[in-house]
Amino acid sequence: MWLPTFATDRIVRRRPEWHAKPLATTTAAAGACRIAAVNRAGQACGIAPGMTLADARALVPDLVAVAATPAEDGHALTRLAEWCMRYTPWVAVDPTDQDGSALWLDVTGCPHLFGGEGRLLRDLEARLARFGFAARAAVADTPGAAWAWARFAAQRTADDGIVPSGMHRTRIAALPVAGLRLAPDLVETLHGLGLRRIGDLYPIPRAALAARFGRLVLYRLDQALGTMPEPISPLAEPPAQRAVLAFPEPVMTAAGIAAAVQHLVENLCDTLAQQALGARRLMLSCYRSDGRIATRAIGTSAPSRDPAHLFRLFREHLDAIDPGFGLDVMALAATEVAPLAPSQASLAPASDATARELAHLVDVLGTRLGPAQVRRLAARASHIPERAVARVAAGTAPAAPAWPVGERPLRLLPHPEPIDVTAPVPDGPPMQFVWRRCTHRIARAMGPERICGEWWRDDAKPRDYYHVEDNAGRRFWVYREDLYRPDAPARWYLHGLFA
Amino acid sequence: MASPKSAAIAALRRQLMMGDGLSPSPAPQVTRLGIAAIDAVLPWGGLPGGAIHEVTGPENDGAATGFCTTLLARLSAGTRPVLWVTAHDDLYAPGLAAFGLSPERLIVVRARRAAETFWTIEEALRCRSLAAVLGEVRGPSRTVARRLQLVARSSGVTAVLLRHDEDDAFANAITRWHVVSARRDDAAEDDSDARWRVDLVRCRGRIHGEEGYVARWFVEWRAATGDFGVVADLRDRPDRPAPARMAR
Numbered sequence: 001m002w003l004p005t006f007a008t009d010r011i012v013r014r015r016p017e018w019h020a021k022p023l024a025t026t027t028a029a030a031g032a033c034r035i036a037a038v039n040r041a042g043q044a045c046g047i048a049p050g051m052t053l054a055d056a057r058a059l060v061p062d063l064v065a066v067a068a069t070p071a072e073d074g075h076a077l078t079r080l081a082e083w084c085m086r087y088t089p090w091v092a093v094d095p096t097d098q099d100g101s102a103l104w105l106d107v108t109g110c111p112h113l114f115g116g117e118g119r120l121l122r123d124l125e126a127r128l129a130r131f132g133f134a135a136r137a138a139v140a141d142t143p144g145a146a147w148a149w150a151r152f153a154a155q156r157t158a159d160d161g162i163v164p165s166g167m168h169r170t171r172i173a174a175l176p177v178a179g180l181r182l183a184p185d186l187v188e189t190l191h192g193l194g195l196r197r198i199g200d201l202y203p204i205p206r207a208a209l210a211a212r213f214g215r216l217v218l219y220r221l222d223q224a225l226g227t228m229p230e231p232i233s234p235l236a237e238p239p240a241q242r243a244v245l246a247f248p249e250p251v252m253t254a255a256g257i258a259a260a261v262q263h264l265v266e267n268l269c270d271t272l273a274q275q276a277l278g279a280r281r282l283m284l285s286c287y288r289s290d291g292r293i294a295t296r297a298i299g300t301s302a303p304s305r306d307p308a309h310l311f312r313l314f315r316e317h318l319d320a321i322d323p324g325f326g327l328d329v330m331a332l333a334a335t336e337v338a339p340l341a342p343s344q345a346s347l348a349p350a351s352d353a354t355a356r357e358l359a360h361l362v363d364v365l366g367t368r369l370g371p372a373q374v375r376r377l378a379a380r381a382s383h384i385p386e387r388a389v390a391r392v393a394a395g396t397a398p399a400a401p402a403w404p405v406g407e408r409p410l411r412l413l414p415h416p417e418p419i420d421v422t423a424p425v426p427d428g429p430p431m432q433f434v435w436r437r438c439t440h441r442i443a444r445a446m447g448p449e450r451i452c453g454e455w456w457r458d459d460a461k462p463r464d465y466y467h468v469e470d471n472a473g474r475r476f477w478v479y480r481e482d483l484y485r486p487d488a489p490a491r492w493y494l495h496g497l498f499a
Numbered sequence: 001m002a003s004p005k006s007a008a009i010a011a012l013r014r015q016l017m018m019g020d021g022l023s024p025s026p027a028p029q030v031t032r033l034g035i036a037a038i039d040a041v042l043p044w045g046g047l048p049g050g051a052i053h054e055v056t057g058p059e060n061d062g063a064a065t066g067f068c069t070t071l072l073a074r075l076s077a078g079t080r081p082v083l084w085v086t087a088h089d090d091l092y093a094p095g096l097a098a099f100g101l102s103p104e105r106l107i108v109v110r111a112r113r114a115a116e117t118f119w120t121i122e123e124a125l126r127c128r129s130l131a132a133v134l135g136e137v138r139g140p141s142r143t144v145a146r147r148l149q150l151v152a153r154s155s156g157v158t159a160v161l162l163r164h165d166e167d168d169a170f171a172n173a174i175t176r177w178h179v180v181s182a183r184r185d186d187a188a189e190d191d192s193d194a195r196w197r198v199d200l201v202r203c204r205g206r207i208h209g210e211e212g213y214v215a216r217w218f219v220e221w222r223a224a225t226g227d228f229g230v231v232a233d234l235r236d237r238p239d240r241p242a243p244a245r246m247a248r
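Chains as they are written, first to last, in our numbering: chain E, 1 to 499; chain B, 1 to 248.
Mixed in with the good hints there might be a few duds.
Simulated restraints, written as ranges between beta carbons of each label pair [as the list claims (entries may be wrong)]: (1) B/Ala-11 x E/Ala-381: 53 to 63 Å; (2) E/Pro-489 x B/Asp-191: 44 to 54 Å; (3) B/Ala-224 x E/Ser-382: 42 to 52 Å; (4) E/Pro-489 x B/Ala-77: 21 to 31 Å; (5) B/Ser-154 x E/Asp-319: 20 to 30 Å; (6) B/Asp-191 x E/Pro-418: 51 to 61 Å; (7) E/His-383 x B/Arg-13: 27 to 37 Å; (8) B/Ala-77 x E/Ala-341: 26 to 36 Å; (9) E/Phe-325 x B/Ala-115: 48 to 58 Å; (10) E/Ala-341 x B/Arg-13: 30 to 40 Å; (11) E/Phe-325 x B/Val-30: 57 to 67 Å.
It should be emphasised that the hints constitute simulated quantities derived from the structure, not laboratory data. In this text, a Cβ means the ideal position worked out from N, Cα and C, and glycines have one as well.
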């Protein structure tokens, strides 16, 4: 799909009054202000990219010139590519392009969802035109042929944009050689030799072609004809499984959206069941009629293809979807899948059912509170108290722990709190301390237990831990930071509560 | 030999328990605390499941947390998972393991706001795979309490609510405990690791005495064996447990 005047169309979208005026974007290059892109009205007046602004102004005095913003254009093109995923999950931004912008859409297996290739193209062009983007799209067996057809074929109706399967060799023969994605000077050379049409190259021996014009011409010809594969990396990894629902009328109500999601989830689960897969991560994309996309993702702690469960996870998110003026298309993709053996509920052992129920609970809680808030505690090999416990995903059952020896508190404050300590001997246990404005007189103390920092860390200060009990029987874990030095005051912290 | 009078009393007692938040049928699963003196005072011979139990204690004292951990360890019975809902990030697994609650059976959920906490507790109570749900909460409203009670009753999952505020009682709890640390004897032969004063403040089927509690025990805990014992406190000898009489 070719967007010949993407940069200027973007400006007109913001300033509709410039629609009919000659409009150009400029960039500073080679010591002068040069034209980077120009709209159709400007092209009609003879302005072409690469001209200096002064020359263009001489041709068209009322030319509107705006500074080019290639980075923003790039972002906008990526957003447009994401929007195009409503037609197919396999969309790429064309990296080779010089004039205008282009997108690749691999529509293999998709057109029937939209009523055939012709209707898909018509729909695509009509929607882009409504957004204000001039677009020319072509469908062909090879990317090269589609590229040439989109740019150089005379198109009057959308059906003209289709090169029937197997016909690309004969159809593109009549197109100019520039349709092979060659540099302008190479095209000049070919023209100079009278090779004007792609078909003119067919009878020339391959070895001669490569020797005379370089390998690039041969590559491009082979790619256009399909004798050499042309890999294009898509914008996003196509999901493993996908279900799409296109609505005849935009859907706006919450009930309608919920029904659509339920339908999608059921479809996707059927497909997953056929392949003995379970979803770990799902992405719901809602394509709004104004061109925006709302996406919501959910994750599961264990692979699942239970429609009721997956729908329940999405229900938490449905309120947050703003349908705007309605949703045209909804797509549900399983972006991460894992093998899940088919099971028969009646034959599964009870422990399986328990684990599944627990996994469902973990998913429901994680969806609402955030997966990081639902955790299990696992042992970690460290003798620093706060690093001896890791918070791991609740879906994984941690191994049997080997906790550090010695008595440890029941609650460990995330940040040790400084306390005011009175100690009879500077390097001895405390006699009383003040914590959270309460004074605790200490009845007994055990310690010290010296815990040295890990030498590979900067904050590796040794700590002397005391297990103290105040005169009401409350037991605390306090420590003095750093070794005793007569010149520095001792810093004490309360780190934990014993039961 | 059952006289008609005792049969009528048993029927009335059953009726009362149904009205008071216990699952009517089948009979609730009872979990023994393993502290004989306490189990003897509880009308069910232990903690009934599918109901709400409330534990209070000051925030700067770990005793209530320790008591709750013990309850969870007993309810989990070594095999079934439990879920702990907390607003903070301060549970320390090695300490929990010392009270018999192994971390592979524990799921910790952090909920910042009160509404999230109660939602989490309710969702978790619906999950029959769990043995118990512990929530660290601040005074739930009457409606919330009623919701939790109904969910616990229908699923049979036990709820333990740990509160650090001393506001009015949580009306739907079937038992209410107040646990604080107690001072140990100064004698050198005291080999226990902790001593708590455990007050059974309210209990369905028992009336509380003039002192404001049903029964009071001094419980001591030994880390090496993990067992509990009831001791007589020398300074503050506990009153005899109130005789088992019907409430109302």
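Hints, verified against the model:
1. B/Ala-11 x E/Ala-381: 53 to 63 Å: holds, 60 Å
2. E/Pro-489 x B/Asp-191: 44 to 54 Å: violated, 37 Å
3. B/Ala-224 x E/Ser-382: 42 to 52 Å: Taking Cβ atoms as reference, B/Ala-224 and E/Ser-382 lie about 25 Å apart, which means the hint is violated.
4. E/Pro-489 x B/Ala-77: 21 to 31 Å: violated, 51 Å
5. B/Ser-154 x E/Asp-319: 20 to 30 Å: For B/Ser-154 and E/Asp-319 the Cβ distance comes to about 27 Å; the hint holds.
6. B/Asp-191 x E/Pro-418: 51 to 61 Å: violated, 33 Å
7. E/His-383 x B/Arg-13: 27 to 37 Å: violated, 55 Å
8. B/Ala-77 x E/Ala-341: 26 to 36 Å: At 30 Å between Cβs, range holds.
9. E/Phe-325 x B/Ala-115: 48 to 58 Å: violated, 32 Å
10. E/Ala-341 x B/Arg-13: 30 to 40 Å: Violated: the Cβ-Cβ distance is about 50 Å, outside 30 to 40 Å.
11. E/Phe-325 x B/Val-30: 57 to 67 Å: holds, 60 Å
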